[in-house]
Amino acid sequence: MACFIENFYCSDKDDVDNFKLQLLVPKSHQKTVFKYFHDVPSAGHLGPDKMLSRIQQLFYWPAMKSSITRYCKECDQCAARKSLKRNKAPLGQYLVGEPMERVAIDILGPLPLTKRQNRYVLVLCDCFSKWTEAYAIPDQESLTIARTIVNEFICRFGSPLQLHSDQGRSFEAKLFQDLCDLLKIDKTRSTSQHPQSNGSVERFNRTLLSMLTFYCQNDQRNWDEILPQVMMAYRSSVHA
24 MACFIENFYC SDKDDVDNFK LQLLVPKSHQ KTVFKYFHDV PSAGHLGPDK
74 MLSRIQQLFY WPAMKSSITR YCKECDQCAA RKSLKRNKAP LGQYLVGEPM
124 ERVAIDILGP LPLTKRQNRY VLVLCDCFSK WTEAYAIPDQ ESLTIARTIV
174 NEFICRFGSP LQLHSDQGRS FEAKLFQDLC DLLKIDKTRS TSQHPQSNGS
224 VERFNRTLLS MLTFYCQNDQ RNWDEILPQV MMAYRSSVHA
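Oh and the sequence shown: position 37 is 60 in the working numbering, straight run, nothing missing.
Read the hints as simulated data drawn from the structure, not as lab findings. Here the structure is a predicted model, which means the values were calculated and not measured. Glycine included, every Cβ here is placed at the ideal spot set by N, Cα and C. Hints may contain errors.
[Said to hold, decoys possible] Simulated restraints, written as ranges between beta carbons of each label pair:
| # | residue 1 | residue 2 | range |
| --- | --- | --- | --- |
| 1 | 192 | 80 | 40 to 46 Å |
| 2 | 255 | 178 | 19 to 25 Å |
| 3 | 135 | 255 | 18 to 24 Å |
| 4 | 58 | 124 | 18 to 24 Å |
| 5 | 63 | 136 | 22 to 28 Å |
| 6 | 65 | 179 | 16 to 22 Å |
| 7 | 192 | 62 | 19 to 25 Å |
Could you put the whole structure together from the sequences, leaning on the hints where they help?
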């Protein structure tokens with residue numbers, strides 16, 4: 024049974040072990056909460072369901088879901104993004120049983136050249152956990168990609184059992200294959216008949232591009248500076 028304790032909302036006063044207090048937000052301060060959970064780069068302009076799940080961890084007010092949904096619907100930037108119709112690619116089926124069993128890799132770009140001379144984003148997505156990494160890189164040469172994977176991904180998470188990519192030239196280069204052989208990584212690729220087998224990372228690319236667009240309208244040469252913040256927003260949201 025829910026109750027109020029001073030300025031806090033208690034989700035269940037009878038369940039002592041799972042006692043949870045949430046700050047009760049008055050209507051006059053709800054827009055401030057919306058701003059920090061939707062508008063700023065570390066929030067990412069995500070949809071109402073993901074926004075609700077994050078706000079509920081700290082705050083409560085009556086009719087939260089409806090007010091959050093209304094705020095998202097009235098967001099001009101979100102409305103502009105939804106007006107762009109996209110054809111959905113069919114989904115491929117590949118079952119994985121544990122993290123790092125299969126990691127999908129792709130390159131997003133070319134994007135506007137940044138002040139740091141970056142033009143592409145190297146994306147790696149764990150197909151089991153859906154944990155995603157994104158690194159700004161200056162080009163899509165196989166040496167650049169191999170160095171980034173080793174220094175930024177493998178040195179932090181270890182070697183995946185399998186790396187899956189499309190048929191991009193960089194991923195088919197001998198240097199990249201030699202790297203996989205050295206680290207005992209099974210290198211696989213999607214085919215022209217079934218390009219959807221790399222669908223998880225391609226869907227993320229669309230989401231990432233949309234999120235970056237929100238915050239780089241005034242200066243398109245700083246997207247690599249915004250990238251870590253929008254990745255924070257993406258990772259901290261609930262995924263199916």
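Would you say the C-beta atoms of residue 255 and residue 178 sit inside 19 to 25 Å of each other?
21 Å, holds
Range hint 16 to 22 Å: satisfied by the CB atoms of residue 65 and residue 179?
21 Å, holds
Does the hinted range 18 to 24 Å hold for residue 135 and residue 255 at CB?
22 Å, holds
Does the Cβ pair residue 58, residue 124 satisfy 18 to 24 Å?
39 Å, violated
Hint check for residue 80 and residue 192 - Cβ pair distance inside 40 to 46 Å
44 Å, holds
Is 22 to 28 Å a correct range for the gap between the Cβ atoms of residue 63 and residue 136?
25 Å, holds
Distance restraint hint 19 to 25 Å, applied to the beta-carbon atoms of residue 192 and residue 62
The hint (19 to 25 Å, Cβ to Cβ) is violated, given that residue 192 and residue 62 are roughly 39 Å apart.
Violated hints for the displayed structure, listed by number in ascending order: 4, 7.
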